[in-house]
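Peer 1: Sequence:
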Amino acid sequence: MEMQKKISFSLVFTQTCNFFRNRIIPIALVSLLVALMSSVISYYLYKPETYTQLYLSGNTTSYVSVIIIAVAISIVMKSISIATVYNLYVSDKLNPKLLLSRVLENLLKIIAFYLVMIFHLVVIVLFLFLILIILNLLLPKSLIISLIFITLIISSVLFFIFTSFFFGLLAESKQKSFSDLFSLSCQLTKMQWRPSFLMLLINIAYLMIITILSMIIDENNIIVVNIIFSFCSVFFDIFLTSFFYRLYWLVTNDANSNFPTKDDQQETNSLIV
475 MEMQKKISFS
485 LVFTQTCNFF
495 RNRIIPIALV
505 SLLVALMSSV
515 ISYYLYKPET
525 YTQLYLSGNT
535 TSYVSVIIIA
545 VAISIVMKSI
555 SIATVYNLYV
565 SDKLNPKLLL
575 SRVLENLLKI
585 IAFYLVMIFH
595 LVVIVLFLFL
605 ILIILNLLLP
615 KSLIISLIFI
625 TLIISSVLFF
635 IFTSFFFGLL
645 AESKQKSFSD
655 LFSLSCQLTK
665 MQWRPSFLML
675 LINIAYLMII
685 TILSMIIDEN
695 NIIVVNIIFS
705 FCSVFFDIFL
715 TSFFYRLYWL
725 VTNDANSNFP
735 TKDDQQETNS
745 LIV
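Residue numbers for the sequence shown, in the working numbering: 475 to 747.
In case anyone wonders, no lab produced these hints; they're calculated from the structure.
Worth double-checking, as some hints may not be accurate.
Listed next, the in silico EDC-like pairs over lysine to aspartate or glutamate satisfying Cα-Cα at most 16 angstroms (straight line) [unchecked claim]:
no., residue 1, residue 2
1, K650, E579
2, K664, E579
3, K650, D566
Quick list of the computed label-pair ranges, beta carbon to beta carbon [what the hints assert, rightly or not]:
no., residue 1, residue 2, range
4, L606, V698, 43 to 53 angstroms
5, R495, V599, 41 to 51 angstroms
6, S484, N610, 40 to 50 angstroms
7, D566, I686, 30 to 40 angstroms
8, M665, V698, 14 to 24 angstroms
9, I702, N496, 20 to 30 angstroms
10, L687, I498, 13 to 23 angstroms
11, M689, I592, 38 to 48 angstroms
12, Q661, F593, 28 to 38 angstroms
13, S484, L632, 21 to 31 angstroms
14, I598, I686, 28 to 38 angstroms
C-beta: ideal position from N, C-alpha, C; glycine also.
Put together the whole structure using the sequences plus the hints.
Peer 2: Spelled out as structure tokens, the structure:
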């Protein structure tokens, strides 16, 4: 597949913003519905007395169960975000039947993706651990700590970009095989890391703002606070998915992709070839 080598971040970001502006009502509606459901579930799972009971019981199984449920909620929310982007590229109006069918399809691929990534990460960590043992005999500890720190940063950046591209590709109307999704995500990560890195910085800024707000806001009405933060999380996640799908479309200019509307696009001379 032929790809553009360089695409400006401003082009992708502007088109993504236009996409949101033209479909703000259905996106806000989905975000609100998901926020309401996740907040109610989270309230009953993570209220203070639940943590107290877990701590006093010392039951490891209970901790694992809570973690599994939290991960499951996160996967479902991600699947809904991807399905929403797909639905709104196919049609400007929400189609509940189309949305739900896509959510179920995405769930299986997201679960498979995380299982594959866990396997690869375990192998990579073991390999790096062996290298670390060898380097520990040759290099001073301060240098080893620096190398570990740099490696973690680079790995985290690449993991974010690769994962975001994979999830963005799931919004494609013509679905590719799992191996093709992995291969294409690797290519896109390698070629388009610059605009993706800028999006990562925006994501970090968003997380910092949310963290600061969560520390200063009075949580007497914890359900309302959770709904607000959940709404912002889902809303931003849909934007993130849309950004990486839009970047993929501009890179490949795939005729089989969901073609963006004219209102979402900017002049093609904004491309940097």
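Peer 1: Against this structure, judge whether each hint is valid.
Peer 2: Structure-based check of each hint:
1. Restraint check: the Cα-Cα separation between K650 and E579 comes to about 12 angstroms, which is no more than 16 angstroms; the hinted pair holds.
2. Proximity of K664 to E579 is assessed by CA-CA distance (about 27 angstroms); at most 16 angstroms being required, the pair is judged violated.
3. Annotation: proposed proximity of K650 to D566 is violated, straight-line Cα distance about 23 angstroms (limit 16 angstroms).
4. For the pair L606 and V698, the supplied restraint of 43 to 53 angstroms holds, since their beta-carbon distance comes to about 47 angstroms.
5. For R495 and V599, the Cβ-Cβ distance of about 43 angstroms falls inside the hinted range of 41 to 51 angstroms, so the restraint holds.
6. Separation of S484 from N610 is about 45 angstroms and conforms to the stated range, judged on CB atoms against 40 to 50 angstroms.
7. Between D566 and I686 the Cβ separation comes to about 35 angstroms, which falls inside the hinted range of 30 to 40 angstroms.
8. Hint check: M665 to V698, Cβ distance near 44 angstroms, so the stated range 14 to 24 angstroms is violated.
9. Separation of I702 from N496 is about 24 angstroms and conforms to the stated range, judged on CB atoms against 20 to 30 angstroms.
10. Range check, L687 to I498: about 22 angstroms between beta-carbon atoms, so the 13 to 23 angstroms window is met.
11. A hinted range of 38 to 48 angstroms is violated for the C-beta pair M689 and I592, which are about 31 angstroms apart.
12. For Q661 and F593, the hinted distance range of 28 to 38 angstroms is not satisfied, since their beta carbons lie about 21 angstroms from each other.
13. At about 23 angstroms, the beta-carbon gap between S484 and L632 stays in the expected band of 21 to 31 angstroms.
14. The given range of 28 to 38 angstroms is respected by I598 and I686, whose C-beta atoms sit roughly 33 angstroms from each other.
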